[in-house]
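Number of protein chains: 2
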Amino acid sequence: MKKIINEPLRFVDEFLEGILLAHPDLVKTPGDDPRILVRADAPVAGKVGIVTGGGSGHLPLFKGYVGKGLCDGVAIGNVFSSPSSAQVFEATKAVDGGAGVLYLYGNYGGDVFNFDLSVDLAELEGIPTRTVLGCDDVASQPKERAADRRGVAGIIFAFKAAGAAAERGDSLDEVAAVAQDIVENTATMGVGLTPTILPTTGKPSFELAEREMEIGIGIHGEPGIHRGELESADEIADHLLAPLMADLSLVAGDRVAVLVNGLGATPLEELYVLYRRVHQNLAAAGIEIAKNYVGEYATSLEMAGASISLLKLNDSRLELLNAAARSPFFIEA
Amino acid sequence: MKKIINEPLRFVDEFLEGILLAHPDLVKTPGDDPRILVRADAPVAGKVGIVTGGGSGHLPLFKGYVGKGLCDGVAIGNVFSSPSSAQVFEATKAVDGGAGVLYLYGNYGGDVFNFDLSVDLAELEGIPTRTVLGCDDVASQPKERAADRRGVAGIIFAFKAAGAAAERGDSLDEVAAVAQDIVENTATMGVGLTPTILPTTGKPSFELAEREMEIGIGIHGEPGIHRGELESADEIADHLLAPLMADLSLVAGDRVAVLVNGLGATPLEELYVLYRRVHQNLAAAGIEIAKNYVGEYATSLEMAGASISLLKLNDSRLELLNAAARSPFFIEA
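Chains A and B are the protein sequences, given in the same order.
Just so we're aligned, residue 1 is where the first sequence starts under the numbering used here, counting upward by one.
Just so we're aligned, residue 1 is where the second sequence starts under the numbering used here, counting upward by one.
Bound-form chain A, shown alone:
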């Protein structure tokens, strides 16, 4: 295991301290706990707050989407582990501007448990909340059980759109409806080539043979739907894209946003080789890419691999994606 770290148990707090030292103009911690991060101007009076969170190890997810036009706060846990309900609640209080708080995070058991506990704590405090779960990983459940799917990289579309809705003054119910609408029109599929090595144990999150890949793998190494010989970039793009197009029932004339996301160790060059094929296939199907993102948006430490996400667009969704946003890791200018 080759990592640039100090004491493994200090890893999460140390990179969070680094983020706070690097970006004091954009984010702050409301108390002493670097695992709770809110935008520097939080709370914004009269604005709906958005709190996200989850395990560490996915930068720029989740810490990277706190800022103007995005989320207001985040609480994160150890690598691949949920934050505590107390941490979620502290983030909630810190971003509450009097218009309520939306919880927007990925559908994982530990996160749901702790955010739900914080819902109750917030209610006692008189802070109304709504919850929308990212559940875009089509490999994790069939379409009929879409609400039970895991949340992966596609949640950034929901951060962006809900963040823009909150910024323009939408009510709590309206912001929640925007997030839900985005989630229901987002689909993601990933491929893993090499595992994450967990800092505390030094153990890989899964194992693959020298020439193997796994399609549909989760960002914590959850099993996918196909394990086999490593394919070409074009074949991989084809295998990831087809289920997404089917899941969203895309037809000629539709518009989409595309996210080609690197899982950590995969070079940007390879992501553009994938994007090229995605663009070609969608163009051939008469589907327009009205917005694209290529890079690392939700990773799994040093996992090699990638995911493709599609968001089916309409005018209002595209307008929300194009609205100004600013965090240390995400700029829409």
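Don't read these hints as lab results, they were simulated from the structure.
It is possible that some hints are incorrect.
Cross-link-like lysine-lysine pairs, in silico, DSS-like; alpha carbons within 25 Å at most [as the list claims (entries may be wrong)]: (1) B:K28 / A:K291; (2) B:K2 / A:K203; (3) B:K203 / A:K2; (4) B:K68 / A:K68; (5) A:K291 / B:K68.
The model shown is predicted, which means the values in this text are computed figures rather than measured ones.
Assemble the complex: chain A is given as a structure, and chain B must be docked to it using the hints.
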């Protein structure tokens, strides 16, 4: 070798096609060759053009720094190989707005040879040029021979500052002077943990044992100055930072820009662990970080490792760093 690619010999052209498909609003190719990229509005009449280039495999370097307030054009070669003089010359003609063209690239033999040939071609065409070489890698030569050093990640400071100077209307000599001033006040040192695997051969660019690291390694795997047992993040930061501070003769009261750059496979979390220590050490020495960049700015495909660059600041350098810029990979808003 696990890569998401098609035919290895098509790798470079395919990722460049991907970039062109993804960002037609920001960049274009002046002819049929995707290895020549210029900003979408090139040539900008009356503005000094800036052309960079070098080998492929370093995204976002070099292709990523073409845009408003940055470079105007780029010509790139195969992985780790120089572009041809014909390609450099084609980029030159495409960005020539009548105010001359600055060549700003890293100090490597093949690149110098081909850019110098293009200098002659441009002269025949009546396009005046100036050349400034990035030579920030302090591990590659001692201070007395600073102009012979290799160019690595620190060149992005020169792109940013020279690009801003050109954008505000500086003359060719003035833009060249800005670039030269930045280069002379920039120092970089890197550490490698695992090698790049070359797509065409499947061979690693260098070899390191399971627990080894190499300090001072070049971005093509050029030998460094110390090979030994992998150290902690804080120790690595200390070993990279001290020579940079000495090289730039930093003293209490100085201001710097810091770039903590990932070489490809190193998680963003680890870069922030390094940044934390860099910040602590500089603060302890009474040196202010007035600008910071943490992420992947100049990579070596899937090499694991990082580099630290410092730019000694004054008011005019900082103003140029803070000026607006926009490329597919770099935004200063």
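Hints violated by the structure (numbers, ascending)
none
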